[in-house]
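Chains as they are written, first to last, in the numbering used here: chain A, 7 to 395; chain B, 33 to 406.
Heads up, a few of these hints could be off.
Simulated crosslink set (DSS-like; lysine-lysine; CA at most 25 Å straight-line) [stated by the list, open to error]: (1) A:Lys248 with A:Lys119; (2) A:Lys388 with A:Lys189; (3) B:Lys216 with A:Lys388; (4) A:Lys189 with A:Lys119; (5) B:Lys297 with A:Lys388; (6) A:Lys248 with A:Lys292; (7) A:Lys193 with A:Lys248; (8) A:Lys119 with A:Lys186; (9) A:Lys189 with B:Lys297.
Now the stretches of chain B that chain A is said to cover, found in silico as 3 or more residues with beta-carbon under 8 Å [as the list claims (entries may be wrong)]: (10) 183 to 195; (11) 385 to 398.
The hints are simulated quantities; they were obtained by calculation from the structure and are not laboratory data.
Glycine residues also receive a C-beta, built at the ideal position from the N, C-alpha and C atoms.
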Amino acid sequence: MMAAAQEDWNALSDEEFRRVFRSWVDENCPRELRFMRKQRPVFDEVSEWYHALAEKGWLSPVWPQEYGGMGLNPAKHIVYVEEWARLGCPRIPDHGIGLVGPLLIEHGSEEQKERFLPQILSGEHIWCQGYSEPNAGSDLASLRTSAVREGDEFVVNGQKIWTTLAHCANWILLLVRTTKDEKVRQKGITVLLVDLTSPGVIVRPIPNLRQEADFCEVYFDDVRVPAGNVVGEVDEGWRLAKAVLGHERIFLGAPSRPEYALRRLERLAEDRGAFDDAAFVSRYAKLRLDLYDLSSAFERFAKVLRTGGTLGADVSVLKVFCSELYQRITEEMLAVAGEEARFNDDLDIAGGQIDAMNLYLDSRAPAIFGGSNEIQRSILAKAVLALPN
Amino acid sequence: MPQIDLDDEDGTLAMLRDSVAAFATTTGGATSLRERRAAGSDLDLAQWRAMADAGWVGLTLPEDLGGVGLGLREQVVLSESIGRALLTEPLAQLGVFSSVLLAASGPGETRDRLARGLADGSRIVSQVWQDTRGRRHPLDASLTGETVTIDGTGHLVAAPRTATDFLVMARTGKELMLVAVDAKTPGFSHSLRPTVDGSMIGSADFEGCTVPTDQILCRNTQVETAFADAIEATRLALASELAGLGARALEITVEFTKERVQFGKPIASFQTIQHRLVDMWSDSEFACAAQANAVETLADNPGLAASLAILAAKARAGDAAVSITRRAIHLHGAMGFTDECDISLYMKRATNLNATLGQSEELRLEFVSRERAA
Numbered sequence: 007m008m009a010a011a012q013e014d015w016n017a018l019s020d021e022e023f024r025r026v027f028r029s030w031v032d033e034n035c036p037r038e039l040r041f042m043r044k045q046r047p048v049f050d051e052v053s054e055w056y057h058a059l060a061e062k063g064w065l066s067p068v069w070p071q072e073y074g075g076m077g078l079n080p081a082k083h084i085v086y087v088e089e090w091a092r093l094g095c096p097r098i099p100d101h102g103i104g105l106v107g108p109l110l111i112e113h114g115s116e117e118q119k120e121r122f123l124p125q126i127l128s129g130e131h132i133w134c135q136g137y138s139e140p141n142a143g144s145d146l147a148s149l150r151t152s153a154v155r156e157g158d159e160f161v162v163n164g165q166k167i168w169t170t171l172a173h174c175a176n177w178i179l180l181l182v183r184t185t186k187d188e189k190v191r192q193k194g195i196t197v198l199l200v201d202l203t204s205p206g207v208i209v210r211p212i213p214n215l216r217q218e219a220d221f222c223e224v225y226f227d228d229v230r231v232p233a234g235n236v237v238g239e240v241d242e243g244w245r246l247a248k249a250v251l252g253h254e255r256i257f258l259g260a261p262s263r264p265e266y267a268l269r270r271l272e273r274l275a276e277d278r279g280a281f282d283d284a285a286f287v288s289r290y291a292k293l294r295l296d297l298y299d300l301s302s303a304f305e306r307f308a309k310v311l312r313t314g315g316t317l318g319a320d321v322s323v324l325k326v327f328c329s330e331l332y333q334r335i336t337e338e339m340l341a342v343a344g345e346e347a348r349f350n351d352d353l354d355i356a357g358g359q360i361d362a363m364n365l366y367l368d369s370r371a372p373a374i375f376g377g378s379n380e381i382q383r384s385i386l387a388k389a390v391l392a393l394p395n
Numbered sequence: 033m034p035q036i037d038l039d040d041e042d043g044t045l046a047m048l049r050d051s052v053a054a055f056a057t058t059t060g061g062a063t064s065l066r067e068r069r070a071a072g073s074d075l076d077l078a079q080w081r082a083m084a085d086a087g088w089v090g091l092t093l094p095e096d097l098g099g100v101g102l103g104l105r106e107q108v109v110l111s112e113s114i115g116r117a118l119l120t121e122p123l124a125q126l127g128v129f130s131s132v133l134l135a136a137s138g139p140g141e142t143r144d145r146l147a148r149g150l151a152d153g154s155r156i157v158s159q160v161w162q163d164t165r166g167r168r169h170p171l172d173a174s175l176t177g178e179t180v181t182i183d184g185t186g187h188l189v190a191a192p193r194t195a196t197d198f199l200v201m202a203r204t205g206k207e208l209m210l211v212a213v214d215a216k217t218p219g220f221s222h223s224l225r226p227t228v229d230g231s232m233i234g235s236a237d238f239e240g241c242t243v244p245t246d247q248i249l250c251r252n253t254q255v256e257t258a259f260a261d262a263i264e265a266t267r268l269a270l271a272s273e274l275a276g277l278g279a280r281a282l283e284i285t286v287e288f289t290k291e292r293v294q295f296g297k298p299i300a301s302f303q304t305i306q307h308r309l310v311d312m313w314s315d316s317e318f319a320c321a322a323q324a325n326a327v328e329t330l331a332d333n334p335g336l337a338a339s340l341a342i343l344a345a346k347a348r349a350g351d352a353a354v355s356i357t358r359r360a361i362h363l364h365g366a367m368g369f370t371d372e373c374d375i376s377l378y379m380k381r382a383t384n385l386n387a388t389l390g391q392s393e394e395l396r397l398e399f400v401s402r403e404r405a406a
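Just chain A, same shape as in the assembly:
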C-alpha cells in the first residue's frame, strides 16, 4: 500500500494543523468506534480505522517522512494526540508505531528498517512489547529471559508477563539477557525482534480487573531467532530500551483521561441531583480544579517542547498527578452512584448510560504502568531534587 504524499506539516501553525487534522479525522474515524469502553481494543476491532490512517499516511505521527511518517515535531504531535482524544478515536495497537519504529529508525540496520517499517505501516506486523517478567516489574533490570548464541541464531528461553495485546500481535520487541553480570545488571541486556509465530512461543491472555484480555503471559521455550534480529549491539540493549520514550513521556500525563471521566461524573451527578448536595459540590470543585490545574501544568511542559526544548525527568510529575486524579474522579462516581455502586454494568441516566464501574476499574491501571507512581517519585527525588542515596 502506498501512503499519500505528505506535506511539511511543521510549516503550518499549530492552529492550522489542528484544523486540517481534526476535520479529516472527524470525517474518517468511524462513529461506532468513538469513545469505546475498551481502552485497548484489539487490531480486528479497529482495523478499518488503522487502514484509513495508513492510506492517508497519518498512522505514524513522528516518524520522519522518508520512512512513511508525518514527521511531526513535538508541538504538532501534541496537537495530533489532543485532537485524537477530543474526538474520542479508539487507541490502535500502537507498539509498532510508538516503540518499534522509532527504535529501528534510531538504532536499527538499513536491512531492519526496510524489512520492518513498511509492515508496521501496512498493519501486517502487529507488535507488542516484551519487557516485564514475573520477577522483573519495577526492577526491570533484573530480567532473566535468556538468549544464547548458537551459530546464526539466538535461542530464547524464559517468560514475559503483562505483555499488552500479545494475543493479537505477531511480533514482539523483546528484552533478553545475553550476559550475566552480577555487578552491573543493566549490562548484558539485548534488544531482539521475535516472530511470535515461531515454534516454542506460547501466549496466554490474562483477564484484567475488567475481565477483558488486554495483557498476556508469553512463554519462550527454545525459540530460535536469527542473529540479524538483534537491534544495536549485543549486551547494549538497556540504553536503547530506556531512551525510546523521549518527549512522549508527556502523554502519560495528558489530561484527556481524567477529563473524560469528569464529564461522565458531571452527567451522572446532574442526573442524580448531586449538585444540590453541598458536600458533593465541594468534592466536585476540588476535582474540577485539579483537572483545570493539570491542564495548566501540562501546558507548562508542552511549551518547553513548542519552543524547541527537551523535557527533563520532571515531566513525570504529570503522570503521577494525572493517574491519581483519574482514580479520585472515578471513586467519586461510585460515591454518587450510592446503592448502585455495586453494579458491574453501566448506570442508566436520562438519555444515556454512564460506565462508572468500567472507569473505576480502568483507573486502577495508570498508577501502576509506565513506571509505578512510587517509582516515579523515587526518580523525581533523585533527578529533580538531587536527594542522596
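Using the hints provided, position chain B relative to the given structure of chain A.
Relative to chain A, chain B alone:
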C-alpha cells in the same frame, strides 16, 4: 526548583527577580519580619519607602499617575519574588488593591494626588470595605451640600495606624461610593490586631468623618467594577506571593533534610522523606503553573476565562503553600516547632495570605458556580 515560567523577551522579569533578590540581601525577610513583629508595627516605613523607590508599590499604576505602568505579568513575578524573600510588607493590599481602585476612579485632583503619593511612597493608601469576617461592608455615608460624612467601622484593614489615606466603600440610601478619607480627618480612629505572622491589621473607625464631595472618587457601577477588578488583581498577587514562598520553603526543607543526619545518614536518603518532598515539589510546580496560566489567560482571553484562572491560581497556590510549609515544619522535626527556626515564619505567612481575600475552598466553589452558570 519551581518558578513561575513566563516569556521574558525584553528581560524585564529577570530584572525584577534580581532587584528583589538584591533588596532581600540587605533587608533580609526573616530578620525584618522578626523586628517588625517585636515592634508591633503595622508597616516598616523605611522598608516601604525603599520598595516605593524601587518602583514596586506603583508597579501597575499607569505612568501618567506616577506609576511604572507595567501589567499583572510583571506584578506576578514581583509578588512571587517577595514571597520567596519573605518580604512581608502588605504590597498586595497597599500597592495592588489601592492602585486598581485609584486607576479605575475618575480623573481628579484627589485621585491624582493619592496615586502619585502611593507610587512614590509619600502616602500610604489603604482600603476600608470589609466587616470582621471579610464580607463586603459599605460604611454609612450622608451627603450634605458640598460634603459627605462617613460613619461606621471597617475591619481587616491593612496598616490602619500608618496609613495616611483610606479608600472607603460607603453607601447613602441610594448610592454606593468610593470616598477618600485622610487619616487626619476628625472622628477617625483605629485599632490593631496581630496576625499569626507578626504583621498587624486592624479596624478603621469613622465617627462623623466629614470630607468635601470632591473626595468621592467614583460611584455605583464604577465602584462595583473597581472592587471586582481590585479583588481579582490582588488575589493574583497574593497567589503568586504564596507560590513564591511555597517554593522557597520547599528549597529550605530540601537543604535541611540533606544536612540533617540520623541513623548515620542524611534523612533525605530515606524513601519516606523523599516521597514527601517530591509531593511537596509537585504541589509547588502546580502552584507556579497555575500562576503562568492566569497570566496567559488574562492576556489572551480576558473576561470569564481570566476570572476563573485567577480563582484557580489562588486556590492552588494557597493550598500548596499552606500544606508545603506545614510539611516543612514536620520535616524539620522538633527544630521546626521552635520560633527560632525560620521555617515557621513561612508557614505563618502562608496561613495569613491564604486567608486573605478567600481561602481555597471558597475560591473553588466560586469557580465552579461561575463556570456552571456560564
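So, going through the hints one by one against the coordinates:
| no. | hint | in the structure |
| --- | --- | --- |
| 1 | A:Lys248 with A:Lys119 | holds (20 Å) |
| 2 | A:Lys388 with A:Lys189 | holds (21 Å) |
| 3 | B:Lys216 with A:Lys388 | violated (59 Å) |
| 4 | A:Lys189 with A:Lys119 | violated (34 Å) |
| 5 | B:Lys297 with A:Lys388 | holds (16 Å) |
| 6 | A:Lys248 with A:Lys292 | violated (36 Å) |
| 7 | A:Lys193 with A:Lys248 | holds (13 Å) |
| 8 | A:Lys119 with A:Lys186 | violated (29 Å) |
| 9 | A:Lys189 with B:Lys297 | holds (24 Å) |
| 10 | 183 to 195 | violated (count 0) |
| 11 | 385 to 398 | holds (count 3) |
The structure fails to meet hints 3, 4, 6, 8, 10 from the earlier list, while all remaining hints are met.
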